[in-house]
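Novice: Below, each chain spelled out in residue letters.
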Amino acid sequence: METIIPSTASALSSLLEADFKTQWRNRRSVILVLLVPVIILVSWKGIIDKMGGAFALSTCITIGLTAIGLMGYSNAIARDRDKGVFQRLRVTPVPTWSIMISRLIVQLAMIMLLTLFIFVVGYEYDKITLSPAGYALTFAVSFIGGAVYLGLGQMIVGLVKNAETVNSTTRLVYFVFIMVGMFGDLGVLGVGLKKIIHWSPYGTVKAVLSSSMQPGSWNMDTTMALVATLLYAFIFSFLGIKWFRWSSQ
Amino acid sequence: MNDHPGSSILLVKGLNVSYGSFHAVHDVSFEVKAGEIFGLLGPNGAGKTSTLSAVEGLLKPQSGMITVAGYDTRTKPLHARANMGVQLQSTSFQPELTLTEIIKLYAGVHGIKLTAAKLQNILTDIKLEESATKKFGQLSGGQQQRVSLVIATIHNPTLVLMDEPTSGLDPQSRRQLWERIETMREEGHGIVLTTHSMEEAEAVCDRIAIIDHGRVITINTPQALIDLHRNDPNVVSVSRKGKITLEDVFIGLTGRTVRA
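Chains as they are written, first to last, in our numbering: chain L, 1 to 249; chain X, 1001 to 1260.
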């Protein structure tokens, strides 16, 4: 009997179709990812001129990226692992990496959607505009920033087996990131903490995003922040992949 | 199915599986032929699921050799998996997908293009044509089991592995599943199933391996097992009806102690 091994492209296309449909039917979680940054953007309308459009947009994108990695991706992975969805896919003739790549492509699409959405709301509501180079660079950097939080989400799923515990852990980390990150960055929590936050995954992503919106403002500090962002993404992803188990049993 | 009846489609040789310091499967060997239903019987924690998981490629054995349709699962994992259909003990699919979408997904990952007519035939065959747009979680236990089986066999695999396929099913659904399993045997598939039901094993299995503490105790046809152990004092002592049954043989060989 002839053995049929599907081409990776055709298997990936089937996985992608299913994963995009799953994401589309989870519209509530998509809305939640977009809602918090939009609320912040709208509530800052009166002080945008004072803090600068790049500061506002980069803060909102960073918070959105945190939500995608911590609330969306990690919880979906933990749930499917708990339900045995991955085990079912792993006994089919597709390379296991393609199962994860398909999930990640969906998250990259979410990152694009988030960035675009923030740009549109920023323009429509606060009249914030960037140069074409600023828009292009911000899109590219938002993928790098997204990798940090997807890696962090992967690390949490690797460390914690139970889906409910993953859910509560990621909510807590998300809350800490946006509260401490945003308020600390504004200087409300003191100078010492502001410095720590500047070099935290929140601060470095936000700094690189902010500079990419105004390419002329890119300096040595931004380059260092980019290096730190890449390092965070690498370390989180490495540990997340190393610790990850396909089954929660 | 083109495989010759009687040709070997699964070969497990000297299989050893450990979880840390716990040795779950000790030197297990058996062979399954085309057109044969092979039952793996054992108490809870005996090593049945670990053995199946090693065959399925879900866990890496410490040593031993497994070939499926002639393909070594270590060196040709994708070829081996392409030749096997798996029904897991607790199968679940993405809860957001409809029945049609789930079937299309698994056809796609097996490299099969499904036409609308073919899809309709599948749904009609499992009597779920009116549930095409339902989600997996909205189906009854029996319906879910039929979907799991159709997905496991969508690519017409040489070998079908089923982990406790009738667990939780009502008698009607169980009978229906037995009939489907027997039809697959007639079509030349080799089938390996684990079960706790001696009635099921006796009714459908051509050969049975009793496994305990990770070791195969005995392999034979259900009737031969009864005949062979009829006078075993352990078996006679647990017999309740004056007549030796497969359950008596099983309890006699694996002990009366309830396993966690």
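If you are wondering where the hints come from, they were derived from the structure by calculation, not from laboratory data. As the structure is a computational prediction, the values presented were derived from the model and not from experiment. It is possible that part of the hints are untrue.
[Said to hold, decoys possible] If you want the ones that stay clear, here's a sample from chain L, every Cβ over 12 Å from chain X, calculated: (1) Ala54; (2) Val94; (3) Ser247.
[Stated by the list, open to error] Keeping only pairs whose Cα atoms sit at most 30 Å apart, straight-line, the calculated BS3-like set for lysine-lysine is: (4) Lys1076(X) with Lys1113(X); (5) Lys1060(X) with Lys83(L); (6) Lys1060(X) with Lys161(L); (7) Lys21(L) with Lys1135(X); (8) Lys1076(X) with Lys242(L).
Glycine included, every Cβ here is placed at the ideal spot set by N, Cα and C.
Novice: Each of the hints needs a verdict: does it hold here or not?
Specialist: To see whether the hints hold, each was checked on the structure:
1. Ala54: Ala54(L) clear of chain X: closest Cβ-Cβ about 37 Å, beyond 12 Å.
2. Val94: It is violated; Val94(L) is separated from chain X by about 5 Å at its closest Cβ, not greater than 12 Å.
3. Ser247: At about 7 Å from chain X, Ser247(L) fails to clear the 12 Å cut-off, so the statement is violated.
4. Lys1076(X) with Lys1113(X): Holds, at roughly 24 Å.
5. Lys1060(X) with Lys83(L): Cα-Cα ~21 Å, so holds.
6. Lys1060(X) with Lys161(L): holds (20 Å)
7. Lys21(L) with Lys1135(X): Given that 30 Å is the threshold and the Cα spacing comes to 13 Å, the pair holds.
8. Lys1076(X) with Lys242(L): holds (24 Å)
Going down the numbered hints, you'll see the structure goes against 2 and 3, while the others check out.
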